[in-house]
Amino acid sequence: MKTKNFYYGWVIVFIAGLTVFFSGPGQTYSNAAFIDEYIQTFGWSRTEVSSIYSLAILFGIIWGIANGLERIGTNIVWANYFGRKHVGSINGIGSTMLVIGSSLGPLPLGLGHDIFQSYSLTIYMMIIFPIIGLVCALLAKKLVKNY
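Reading the sequence shown from the start, the letters are residues 1 to 147 in this note's numbering.
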């Protein structure tokens with residue numbers, strides 16, 4: 001059975017076009033289309049809209065750099081503490097725990113808001129968890145390699 005060859009060139013052009021549209025120039029066009037609406041709805045000046053847009057772009061750049069460094073750091077730490085042989089399994093378990101933690105995170109905040117009528121006290125109480133994590137990380141023993 002003979003199949004017809006499919007030319008993927010136009011698919012690549014379409015995806016590249018979407019990439020360009022959703023990148024900086026595309027964002028600028030979208031922002032410019034709604035600038036009058038921002039000014040009317042929020043009472044902002046053009047300078048404020050431009051400043052907020054510029055700060056959002058700067059935030060995105062800094063956030064991307066920070067997340068990239070965090071991913072590199074996490075993989076190095078896991079390899080140093082657990083060995084390189086099982087990094088894939090550990091990464092999978094760590095990602096699963098991250099998703100579970102992210103899904104359960106709003107529950108204590110909601111419960112704390114119901115009890116204390118404010119998020120502030122609950123957030124202050126949750127500061128203990130990163131401190132516990134820091135102490136555990138400092139006390140953790142490195143992997144002893146048996147060659």
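These aren't lab readings, by the way, just hints derived from the structure by calculation. As the structure is a computational prediction, the values presented were derived from the model and not from experiment. Be a bit skeptical, because a hint or two may be false.
Stated by the list, open to error - Computed spacing ranges between beta-carbons, pair by pair:
| no. | residue 1 | residue 2 | range |
| --- | --- | --- | --- |
| 1 | 114 | 19 | 42 to 48 Å |
| 2 | 86 | 63 | 26 to 32 Å |
| 3 | 67 | 100 | 17 to 23 Å |
| 4 | 88 | 16 | 31 to 37 Å |
| 5 | 14 | 136 | 47 to 53 Å |
| 6 | 3 | 88 | 34 to 40 Å |
Cβ atoms here follow ideal geometry from the backbone N, Cα and C, with glycine treated the same way.
We went through each hint and held it up to the structure:
1. Distance hint check: the CB atoms of residue 114 and residue 19 are about 44 Å apart, consistent with the given range 42 to 48 Å.
2. Under the hint 26 to 32 Å, the C-beta atoms of residue 86 and residue 63, about 30 Å apart, fit the expected range.
3. The given range of 17 to 23 Å is respected by residue 67 and residue 100, whose C-beta atoms sit roughly 20 Å from each other.
4. Range check, residue 88 to residue 16: Cβ separation about 32 Å, and the 31 to 37 Å hint holds.
5. Range check, residue 14 to residue 136: about 49 Å between beta-carbon atoms, so the 47 to 53 Å window is met.
6. A hinted range of 34 to 40 Å for the beta carbons of residue 3 and residue 88 is consistent with their spacing of about 36 Å.
In the structure shown, no violation is registered for any of the earlier numbered hints.
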